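We have chain A already, so just place chain B with the ligands on it with the hints.
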Amino acid sequence: MAVMSYRQALHDTLRAEMLRDPDVFLMGEEIGRFEGSYKITAGLLDEFGPKRVRDTPIAEEGFTGAAVGAAMLGLRPVVEIMTINFSLLALDQIVNHAAKIYGMFGGQRSVPMVIRTPGGGGQQLAATHSQNVELFYAFTPGLKVVAPSSPADAKALLLASIRDNDPVLFLENLALYNTKGEVPDGDTAGEIGRAAVTREGTDITLVAYSRMAHVALQVAEKLAADEGISAEVVDLRSLRPLDRPTIIESVRKTSCAVVLEDDWLTYGIGAEVAASISDGAFDYLDAPVRRVAMAEVPLPYAKSLEVAALPSANDVVTAVHQTLDAVGRRSVGAH
Amino acid sequence: MTVETAAGDTPPEPELVQLLTPEGQRVPSEHYDPLIADITGDDVRSMYRDLVLGRRVDSEAVALQRQGELGLWASLLGQEAAQVGSARALRPQDHVFPTYREHAVALCRGVDPVKLLALFRGVDQGSWDAVETHFHLYTIVIGAQTLHATGYAMGIQRDGAIGTGDPDRDAAVIAYFGDGATSQGDVNEAFIWASVTNAPVVFFCQNNQWAISEPLERQTRVPLYRRAAGFGFPGVRVDGNDVLACLAVTREALQRARDGEGPTLVEAFTYRMGAHTTTDDPTRYRLNAELEHWKLKDPIERVKAFMVRGDLADQAFFDGVEEEADELAVHLRAACRALPDPTPTSIFDHVYVEPTPDLVAQRESMTAHLDSFEEEAAR
Ligand SMILES: Cc1ncc(C[n+]2csc(CCOP(=O)(O)OP(=O)(O)O)c2C)c(N)n1
Ligand SMILES: [Mg+2]
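Here the protein sequences line up with chains A and B, keeping their order. The first sequence begins at 1 in the UniProt record's numbering and counts up by one. The second sequence begins at 1 in the UniProt record's numbering and counts up by one.
Calculated directly from the structure, the hints in this document are not laboratory data. Just so you know, these numbers come straight off a predicted model, no measurement behind them. Among these hints, one or two may not hold up.
In silico negatives: residues of chain B with every beta carbon more than 10 Å from chain A [what the hints assert, rightly or not]:
(1) P223
(2) G260
(3) V351
These stretches of chain B come out as covered by chain A in the derived footprint (C-beta under 8 Å, 3 or more residues) [stated by the list, open to error]:
(4) 136-143
(5) 242-249
(6) 264-275
(7) 339-347
(8) 357-365
For each residue, glycine too, the CB sits at the ideal point set by N, CA and C.
Here chain A stands alone, though its shape is the one from the complex (with noise of 0.2 Å):
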């Protein structure tokens, strides 16, 4: 066990899995001198060379496009692109292509890539720049959606996005990469599609992925410590699949759900879980499921306004609020 950062963790663990599997390689802008923009894949360039770290032309969809062809006929390509905004311009190669072509070829040729992207506003890149996309996978039949947020699932998950016969997108965060934590020793993978629970509790529970299942961590802590309130905290982790039961099973016992989300609103991930936990939870509510996201509008550029228009801690404590006392159980934690 060693603490490090969770940009680190996916640095080791891409390093580690080059070594232990010929066929795995990285493609991306930017990825070998230069080390990556976010520099997760400094020195490989220099330890396994140009055949193995291909820096691209600016040509999103053209890498995209070939790392779906070297997949096919077995490599493992792990594609990085500098933000999830600019898998935009490859969404054709990813929507129609990797995630089709298992099925469109009568699951002749399986597609077992990687895509690694950083989400997540809040940097000043302005609106094109910060934007949280990932539903766009998470709604594609084909594709799995993992969004690790802590550097130990970071290295789990992408031990297994990397040995996972599928496409999968792998979701990182501007915000985490500088976050540490204590990552395992050893190659064990995580499981793509379990959720976990990071905080027991039983007055509410707080559902969230990437960043915000750290701004959870960080509101129930204050909700024990200022107003007894006990909050549990489910970690999705996987977008899709998603862990229906674990979330299902933590409301029955709560009773009451906030959902945060960095993205939009309205068909958001938010909206997705508070229909499973209405599908499986129903008879258990105590109040409707309430989620905290992002502004409906382009995010913007000047630091005060991505403050106003992002998701705050403080706004979750006001769900919180508004949820149980819809109820009457605030005072219930108090004491």
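Below, chain B with the ligands without anything else, positioned relative to chain A:
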């Protein structure tokens, strides 16, 4: 100016249109001299002024970013001649689609540089009037604006504003983009589309040799201008640090477009002297020697040398421009700091032309939330 090579031949050294050597010597050209025959001493002095002011706006912006006054800045250092030369070839009715680096083009189009600072400070989303200045807003998704330029050019075509012979009516579009952008599908599709529709658009590629940390070799095996031949329109490589050559070449290309003869690809061969943006550190991926080499080809020094050589300006003129640049700098610093902060609810202002009920409700709820703080503070 396309160079044909038979398959298998080693391509000859690409031709580079140059009218001013780095030492400021005028290189005569049978083809290009007539295109700038009207350029007077006054014109040269005024171009020199644009180059110097463009560079000063840029260096002030970099400094302001360092002081925390701007979120980001993409420096144009080294690309002044490519920008001023091409922009000075434009007529008022021509329309510009820039990337995020064309600050000197903006200046030549009459955009108040304070508005450029405002954009990078984040107080607004770009407040210059794109219609009035014929200078579109900045695009930061690489290459996308080449398609917009092509579509805009098709609109000009439909309006019949080409080939009439009326110099105040015939119009063209110029799309700026970088060497890295030439790898994008968008740019290649713009070339095809412009070619088959014969759209009045000039594709102006500032080949500054770098796309962040990726050198030109990552994007191409042939000189970029030669790609045009495959798409069916002329391509020309010009010394991007030579303001006269950039002016002449762009004038010719724009006139072809206005005359209804279709697109041209201009490759302005230049060098990004600074970092990619203020968040980048180029010493991590390129050699200082390269920078030193390009310093000798400075786009401003060579015009100055040319002017001194030809007695086009005296020391008082150069001092005057310097003084003007200093005054501009003082003005920019003060004006930038005085820009008002945007109000939080302005995030809802430009999502739709007619706001949806959902958004109106979100805005009202934010207003109520903000008011509750003020009430609290007032108590
Ligand atoms: C579609 C897309 N992919 C990646 C990026 C990230 N990016 C920003 S600038 C840049 C390099 C552009 O190089 P070039 O076209 O040569 O223009 P220059 O910056 O040199 O002026 C890249 C890759 C982006 N903005 N858009
Ligand atoms: Mg470039």
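*Quick check: which numbered hints come out false for this structure?*
Result: hints 3, 5 and 6 break, sorted rising.
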